Every structure is written in C-alpha cells, then in structure tokens.
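Q: Sequence:
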Amino acid sequence: MQYLSENYCYPTATDFVKLLEQEVDSSFYKVISEGLESTILYDNQLVGVERIPEGKVEVSFTLKKIDEVSQANISILNELIEIGQVDKEGELLTIDQHRVSGNEHKVRLELHPKSQKIVLDPNYLLLDRNRKNNSKNL
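Residue numbers for the sequence shown follow this note's numbering, so the first one is 25 and each next one is one higher.
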C-alpha cells in the first residue's frame, strides 16, 4: 500500500484520517474532525428538571463546545444531544434525541413511569469536562 507521506514506510495519523474520510459516509466527517484532528470538549450541564402535567417533564440544560487548544467557545449548530431516563437501579429506560443550536435549551419529554433520574448524554457520546453535573433526580 502506498501512503500519502511517501518518505515514510508507515502511515502517519494524517494518512489514517485521509484514508478514513475516503471510506466513511460524509455524515461522519464531523466525528472524525472533532475526535482525531482537533481537541473538542464539551461543558454541558443539566440545569433543571420539572414535572409538568400530563405525565411529562421539562428539562433545562446548557451546552458549551470548547476548542481545548485555543480555549475558544465554538458555536453549537444543529448538535445532536441525547437525554435519558434512568430507574432506581441505574438502568437506562429511554433515550430521547434532540437537535439543538445555541447554548440554553428547554425540552419536554414523556415521563417513563419508572423514571427516577434524568441524564444528559447517557451514552457518553460527547467528551464532557464535568460529567457530574449531567444528571438530576426527579
């Protein structure tokens, strides 16, 4: 196999990223860029959880996206965030996915009857600086 860096007999990380981009669907380019080409961290926080009538819950949260090298905040545009509901044993009951833009958000969810806790990003898809502030008991 010929590598993009022809002076070397082994592929470099840059070679790997270029080959990966050729093989995957374009919808994964953002994941490749944030995970392999730069250091993007999130500072997400579950601000509040309030039960509302008709078996629903209103969830308030903030999202921040930070370039770890420059410490610059990055605009959140059409970001996918998951919100999970957990029972008293810690088992994940449901996951709701929401597309969000901006930093502050409120969403309404159907409340699962066994739900005891609401968790922001329950599957750890985002590299968060502080995961301890991503959940609240009902």
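It is worth saying that the hints were derived from the structure and are not from the lab. Values in this document were obtained by computation on a predicted structure and should not be read as measured data. Each residue gets a CB set at the ideal place from its N, CA and C atoms; glycine is no exception. Incorrect hints may have been included.
Unchecked claim - Label-pair restraints from in silico Cβ distances:
| id | residue 1 | residue 2 | range |
| --- | --- | --- | --- |
| 1 | 40 | 132 | 37 to 47 Å |
| 2 | 71 | 102 | 19 to 29 Å |
| 3 | 94 | 55 | 18 to 28 Å |
| 4 | 94 | 149 | 17 to 27 Å |
To be verified - In the DSSO-like style, the derived pairs of lysine-lysine whose C-alpha atoms are separated by at most 30 Å in a straight line are:
| id | residue 1 | residue 2 |
| --- | --- | --- |
| 5 | 156 | 141 |
| 6 | 42 | 112 |
| 7 | 160 | 80 |
| 8 | 54 | 42 |
| 9 | 112 | 156 |
| 10 | 89 | 130 |
| 11 | 54 | 88 |
| 12 | 141 | 89 |
| 13 | 42 | 88 |
| 14 | 130 | 112 |
| 15 | 141 | 130 |
| 16 | 141 | 88 |
| 17 | 89 | 156 |
| 18 | 112 | 141 |
| 19 | 54 | 89 |
Q: With reference to the structure, classify each hint as holding or not holding.
A: Here is how each hint holds up against the structure:
Checking the proposed 37 to 47 Å range against residue 40 and residue 132 shows it holds: the Cβ atoms sit about 42 Å from each other. Between residue 71 and residue 102, the C-beta spacing of about 21 Å keeps the proposed range 19 to 29 Å intact. Between residue 94 and residue 55 the Cβ separation comes to about 20 Å, which falls inside the hinted range of 18 to 28 Å. Separated by about 23 Å at the C-beta atoms, residue 94 and residue 149 satisfy the suggested range of 17 to 27 Å.
Of the supplied pair hints, the one linking residue 156 and residue 141 holds, its CA atoms being roughly 13 Å apart against a limit of 30 Å. For the hint pairing residue 42 with residue 112, the CA-to-CA distance comes to about 45 Å; that exceeds 30 Å, so the pair is violated. Taking the CA atoms of residue 160 and residue 80, the gap is near 15 Å; set against the 30 Å cutoff, the hint holds. Of the supplied pair hints, the one linking residue 54 and residue 42 holds, its CA atoms being roughly 13 Å apart against a limit of 30 Å.
For the proposed pair residue 112 and residue 156, the alpha carbon gap of about 17 Å is at most 30 Å, so the pair holds. Under the criterion of a C-alpha separation no larger than 30 Å, the hint pairing residue 89 with residue 130 is consistent with the structure, at around 18 Å. A hinted pair counts as satisfied when its Cα atoms are at most 30 Å apart, and residue 54 with residue 88 qualifies at roughly 16 Å. Distance hint between residue 141 and residue 89 is fulfilled; the C-alpha atoms sit about 24 Å from each other, no more than 30 Å.
Between residue 42 and residue 88 the alpha-carbon distance is near 28 Å, which keeps this suggested pair within the 30 Å criterion. Our distance criterion of 30 Å between C-alpha atoms is met by residue 130 and residue 112, whose separation comes to about 24 Å. Pair hint residue 141 plus residue 130 holds up; C-alpha atoms about 17 Å apart against a cutoff of 30 Å. Note on residue 141 and residue 88: the hinted pairing holds, with a Cα-Cα distance of about 22 Å set against a maximum of 30 Å.
A threshold of 30 Å between alpha carbons decides the hint, and for residue 89 with residue 156 the separation of about 17 Å falls inside it, so the pair holds. Between the alpha carbons of residue 112 and residue 141 the distance comes to roughly 8 Å, so the proposed pair stays at or under 30 Å and holds. Of the supplied pair hints, the one linking residue 54 and residue 89 holds, its CA atoms being roughly 13 Å apart against a limit of 30 Å.
Against the hints set out earlier in the document, a violation occurs for number 6 only.
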